[in-house]
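Colleague: So the chains spell out like this:
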Amino acid sequence: MEKLTAKKIARHPDVVWREETEIRDKILEVLKRGEDDSSVSEQGTVSLVISGTIYQLNLLGGEIWKLSDGSLAVEGIADSLSSTFDIEKEVLLEDVKEFVVDLLAKGWLIYKDAL
Amino acid sequence: MSRGIGAVSHYKKPQKGLASSPILVNWALTNRCNFSCSYCYSRMEKNDELSRTQAQKVLKILVDNNVLFLNVGGGEPLLRKDLFELAAYATQLGLNISMNSNGYLLDKSAALMVKKAGFNNVGISIDSHEARAHDELRQMPGSYKRAVKAIKFLKETGVKVFISSVICRINFKEFDKLVSFAKELEVERINLHNYKCSGKGFTNKDRLDLKPDEWSDFYRRALIVQNKSKDMDIAFDDPILALLKKDKRNEARNPIGRILVKGSVCGKLTLYLKANADITPCGFIPLRIGNLLKDDFKELWAASPVLQSMRNKTPKGKCRKCKQYEDCWGGCTARAFAAGGDFNTPDPHCWYNPDGSIKLKKSKRSTQ
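Just so you know, the protein sequences line up as chains A and B, in that order.
For the first sequence, position 76 (counting from the first letter as 1) is numbered 76 according to this note's numbering, and the numbering increases by one without interruption.
For the second sequence, position 280 (counting from the first letter as 1) is numbered 280 according to this note's numbering, and the numbering increases by one without interruption.
Honestly, I wouldn't trust all of these hints.
DSSO-like cross-link-like pairs, simulated, lysine-lysine; straight-line CA separation at most 30 Å [as the list claims (entries may be wrong)]:
{"hint": "1", "chain 1": "A", "residue 1": "Lys-66", "chain 2": "B", "residue 2": "Lys-108"}
{"hint": "2", "chain 1": "A", "residue 1": "Lys-112", "chain 2": "B", "residue 2": "Lys-149"}
{"hint": "3", "chain 1": "A", "residue 1": "Lys-112", "chain 2": "B", "residue 2": "Lys-298"}
{"hint": "4", "chain 1": "B", "residue 1": "Lys-155", "chain 2": "A", "residue 2": "Lys-106"}
{"hint": "5", "chain 1": "B", "residue 1": "Lys-160", "chain 2": "A", "residue 2": "Lys-66"}
{"hint": "6", "chain 1": "B", "residue 1": "Lys-149", "chain 2": "B", "residue 2": "Lys-108"}
{"hint": "7", "chain 1": "B", "residue 1": "Lys-60", "chain 2": "A", "residue 2": "Lys-66"}
{"hint": "8", "chain 1": "A", "residue 1": "Lys-26", "chain 2": "B", "residue 2": "Lys-294"}
{"hint": "9", "chain 1": "A", "residue 1": "Lys-26", "chain 2": "A", "residue 2": "Lys-106"}
{"hint": "10", "chain 1": "B", "residue 1": "Lys-321", "chain 2": "A", "residue 2": "Lys-106"}
{"hint": "11", "chain 1": "A", "residue 1": "Lys-106", "chain 2": "B", "residue 2": "Lys-149"}
{"hint": "12", "chain 1": "B", "residue 1": "Lys-230", "chain 2": "A", "residue 2": "Lys-106"}
Don't read these hints as lab results, they were simulated from the structure.
If you're wondering where the values come from, they're calculated on a predicted model, not measured in any experiment.
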């Protein structure tokens with residue numbers, strides 16, 4: 001976990017991806033209105049294409065993905081997200097860690113120094 | 001996972017209609033072809049092809065709408081003299097471009113041009129491990145030899161090569177030999193396409209298409225071959241594979257667990273462009289929903305009644321009784337439409353028997 005905290009996180013260059021901007025905007029609108037509509041809020045905001053298979057990330061996952069540009073470690077990513085998400089910082093950090101560990105294991109995210 | 005926005009599974013099997021625009025567009029860049037394959041869906045197309053400037057405009061529109069992948073085909077795309085120029089332009093715009101070709105015109109110099117233009121991969125059509133069967137299906141003597149040569153040239157230049165094969169009555173019993181042949185050629189992947197009854201495929205369906213039980217048998221064997229293959233990807237996505245979901249032997253590699261949407265991907269993740277930029281949901285559904293150069297692409301994607309009805313199907317016939325409908329969504333919409341003129345009728349390849357259980361024919365064939 002020490003390594004994870006210190007190292008900057010990057011997206012694997014072989015992953016082709018895009019943001020689903022309109023879907024993200026729709027989700028943010030629903031959340032801003034305080035509505036609990038999971039049919040909207042659980043939609044994917046970032047699409048990843050990996051070896052011909054398409055995956056999607058939900059809002060928080062998508063935001064973490066976008067911030068994984070090699071300039072930040074997990075704490076920096078959590079800090080950046082705290083302005084968008086009204087969640088306790090410790091809870092947010094745990095979410096980011098869990099997501100990053102999972103995607104590092106899949107090889108979709110990598111440590112920047114591995115590039 | 002803790003609470004908070006997004007505190008659900010971060011990546012998941014998403015639901016229908018989740019893409020803001022198509023992720024992949026297949027474009028029949030030209031209808032001209034040097035072959036006349038027995039099942040060709042586009043051989044009878046008569047529409048004009050675009051000028052280079054118009055084609056570049058199409059590429060720009062695709063990029064502006066965040067399309068990630070473009071696969072060019074036809075016809076035979078290498079018959080377009082400006083193919084490499086267009087491909088280089090697409091690459092420069094950021095599109096991931098690939099091509100399907102019969103390989104006949106792909107000599108060493110063309111292979112170098114493919115590499116230089118930035119193609120990610122090229123699919124070469126080979127339908128049988130035997131030259132005679134391939135040439136007969138493609139109706140072009142010598143085509144097998146040229147396709148194999150094309151693969152070698154492409155590999156020498158470092159381009160990723162896939163083999164594309166249409167599964168039909170001529171090759172389905174010995175598809176495992178075709179897979180072994182693909183391995184000998186050291187290609188990255190073999191795509192086993194299911195037979196579609198469109199264009200010449202419709203005319204020749206009685207001679208070439210399989211019966212539902214034969215499709216069941218083929219897929220069961222193909223899943224076993226796929227499970228055993230470590231050194232080459234074997235791809236054969238088909239919505240009716242959901243019928244084999246209960247088959248424990250195949251569960252681990254059943255593509256259903258890996259795909260983004262249920263049923264056909266056409267109109268949900270992908271679209272098809274004709275040579276004149278007319279848009280259809282896929283190459284096998286002859287319903288024009290608009291034209292990329294004349295209509296608002298985003299608007300069509302979001303609101304086209306044809307696409308909407310493909311995304312929101314209502315089960316008819318035996319689909320109403322089938323417990324796998326939730327996963328297969330009536331199978332391939334193009335096949336259903338070709339058979340009954342209705343997106344909602346059952347896929348004619350489906351082997352589900354409402355009077356009994358799903359028919360899972362046991363294969364006696366040794367598969368490799």
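Colleague: Now tell me if each hint is right for this structure.
Modeller: These are the hints, each one checked on the structure:
1. A threshold of 30 Å between alpha carbons decides the hint, and for A/Lys-66 with B/Lys-108 the separation of about 41 Å lies outside it, so the pair is violated.
2. Between A/Lys-112 and B/Lys-149 the alpha-carbon distance is near 41 Å, which puts this suggested pair outside the 30 Å criterion.
3. A threshold of 30 Å between alpha carbons decides the hint, and for A/Lys-112 with B/Lys-298 the separation of about 36 Å lies outside it, so the pair is violated.
4. Between the alpha carbons of B/Lys-155 and A/Lys-106 the distance comes to roughly 28 Å, so the proposed pair stays at or under 30 Å and holds.
5. At roughly 29 Å between alpha-carbon atoms, B/Lys-160 and A/Lys-66 fall within 30 Å of each other, so this suggested pair holds.
6. Distance hint between B/Lys-149 and B/Lys-108 is fulfilled; the C-alpha atoms sit about 9 Å from each other, no more than 30 Å.
7. With a C-alpha separation of about 24 Å, the suggested pair B/Lys-60 and A/Lys-66 falls inside the 30 Å cut-off, and the hint holds.
8. Proposed proximity of A/Lys-26 and B/Lys-294 is supported: the alpha carbons are some 28 Å apart, at most 30 Å.
9. Between A/Lys-26 and A/Lys-106 the alpha-carbon distance is near 29 Å, which keeps this suggested pair within the 30 Å criterion.
10. With a C-alpha separation of about 39 Å, the suggested pairing of B/Lys-321 with A/Lys-106 is violated against the 30 Å cut-off.
11. The straight-line distance between the Cα atoms of A/Lys-106 and B/Lys-149 is roughly 37 Å, outside the 30 Å bound, and the hint therefore fails.
12. Restraint check: the Cα-Cα separation between B/Lys-230 and A/Lys-106 comes to about 18 Å, which is no more than 30 Å; the hinted pair holds.
In the structure shown, a violation is registered for the earlier hints numbered 1, 2, 3, 10 and 11, in ascending order.
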